[in-house]
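Participant: The sequence shown begins at 1 in our numbering and counts up one residue at a time.
Calculated directly from the structure, the hints in this document are not laboratory data. Just so it is clear, CB atoms sit at the ideal spot from N, CA and C, and this is done for glycine as well. Among the hints, a few may not be true.
With beta-carbon atoms standing in for the labels, derived distance ranges [stated by the list, open to error]:
1. Gln177 to Thr567: 52 to 58 Å
2. Arg282 to Trp429: 31 to 37 Å
3. Gln177 to Pro146: 24 to 30 Å
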Amino acid sequence: MSSGAFTLRAVLALSCAALSVSSAVASAEAPAKDAVKGPERGFTPDDLFKLSGVTDPQISRDGSRIAYVRSAADVMTDKVVPSIWMVDVASGAQRPLVTGAGAHFSPRWSPDGKRLAYVSSDGSGAPQLYVLWLDSGAKIKVTGLPDSPGALSWSPDGRQIAYTMRVPGEAPKMGAQPANRPEGAQWAEPLQVIDRVTYRFDGGGYAQPGYDHIFLVSAEGGAPRQLTFGDFDDGGPLSWTPDGKRILFGANRHENWQRDINNSEVYALDLASGAVTALTSRNGPDAGAKVSPDGRHIAYLGFDDVNRSYENSDLYVMNSDGTGSRLLTGSFDKSIDALEWAGNSAIMVQYDDHAKTYVARVGLDGGIRNVVEGLSPGDHFDRPYTGGAFSVSSGGRVAYTSGTAQRPADLWVSSGGEGRKLTDLNGTWLDAKALAPVRKLAVTAPDGRAIDAWLVTPPGLAPGQKAPLILEIHGGPNTAYAPGFATDYQLYAAHGYAVLYTNPRGSTSYGEEFANLIDRAYPGTDYDDLMASVDAAIADGVADPNNLFVTGGSGGGVLTAWIVGKTDRFKAAVTQKPVINWISEALTMDATPFTSRYWFDKKPWEDPMEYWRRSPLSLVGNVKTPTMVVVGSEDFRTPVSEAEQYYAALQIRGVPTALVKVPGASHGGIAARPSQSAAKASAILAWFDKYRTDKTPAKTD
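Whenever a hint applies, use it, and build me the whole structure from the sequences.
Facilitator: Take a look at the structure:
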């Protein structure tokens, strides 16, 4: 579940029942040592430590070189570690720029292409801003900050770098401990007083006092200068005007910003005077602003907020002083996710269309032409969400990330024609693996709508042979899956299961109308789309109708719990990080103003029965399906209390269940650590294996 979009840490804390099942399955799967005669061809949990991916590709202005972040798992620390590499576009030769212990990310080219700014940490303390001279390899540490800098942006003359960082503040105080504390006495910590509306963040924990502001520092080091102030959070991207006099940024500086959470504006900061001027003013989010190379225009993203659960984000352009704003994508029924100027008369944008991600050229006259297709994200490999990243040179050359259902994302480049692959980070070892094939499955919903769905089958499954089927449901619910690489699915398929995944109504990339079919009606008729998909998989001949299973995370966890309250056709279920009770979720999630505003018409206390009607907990009296519940122990988006409510209700009713907590994991980070990602998938398979009627997993190559 998310108000935006969604990513395990050390060892799973299984309940006794789940732990005993998992151990038994692990023992059954382990081959005798003398039976191992060669390399393992199936995809295994150990393979999660071998994966590498490309993120944040940054092409130089002249288009000759690309710096990118390579993310690779470290088996010793059980973390995905980013490092910075560079590729020569003409030859394809690549070399490491910043590697070693710690994390190294956010490479940004200087205007002259001779230096690279980046953020780096050796693992001790907050990551800091560095500058690397590419000809000599010399580097300097520019900052020594209490927090990590973000949104790096070079000044046009290359002499300074702007960034954002939290400015610590004073925590509110109320009450006091007794005055006469004896010397050496071991007293409890002082009271923690909270007075902010949003006081904790998934993946970030409880908010520290203070606010994010913009700073400026010399590219050669020295003391930074704070540029913005006030009790607001100022954010990136930071875009300089060509004369170096102003910086554009995004923020919600309205008086009621804590409750009116979706009303950001584009602001201009005058460096000489410090004046901050709002360039937009409508009710709704305006953000992502970037200035054209000649300084005449500003492109930005936004939409009019009418409190629907979903809106397309549109592309706008305005004059440099904020006048003359024009909508460029009004007739384009897709959401724009990112933008970059390509010269002064065109803007490159990223968007999703029917589960595929594109980069398109948008002219100032509103004309749209695709230039690149098939982007995919280079991290978070557990499930196949749409996405990716790109950047553009001055001449229009595009660097981007792209992969397939058989490969995580690599680095690609295109000059307007067919793209060229520049890296092959996983080919050497994945070429020797028997990966599960992925194919499109035709699905028609009961109301006649076409629903995109894909079927993953066990490697080596013989024609006509059936396999137990796992229906896996995406989160959001306003997100989308793509035919991309997914470690969960490969692990499930290697264990003998077929996997069905879909984009039911409510999914993005199919237009506003399709996404809003679940507005004020979620969960609802998306259930019918999912059941139609299962029926199609059975009709296809692959799915064993007597061995159906269901799981999903976040929004998919909601639908999993909803499904088992509506039907007994599934042998077992696993609901991951679900919302079970909309009233409690609305008042305990990290962004508490969100749910009651965008998914319901009234507050929980004004119309509690509508919240209850759409809560999976309302159907728990119908549940007979053995259902395991999984959640991260530090999930603040769909808090742990949601999972615990469902587990308790199932236990009270005597429905077979187990509660699995992932220690230290947030909502978005439940699969971030490889060992936990593998353990979670293993626990799900152990649960499903327990309730299979055929008992013996299908043989795979």
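Participant: Take the hints in turn and mark each one as holding or not.
Facilitator: Taking the hints in turn, this is what the structure says about them:
Gln177 and Thr567 have their C-beta atoms about 57 Å apart, which keeps the hinted 52 to 58 Å range intact. For the pair Arg282 and Trp429, the beta carbons lie near 51 Å from each other, so the given range of 31 to 37 Å is not met. The hinted range of 24 to 30 Å is satisfied by Gln177 and Pro146, whose Cβ atoms lie roughly 26 Å apart.
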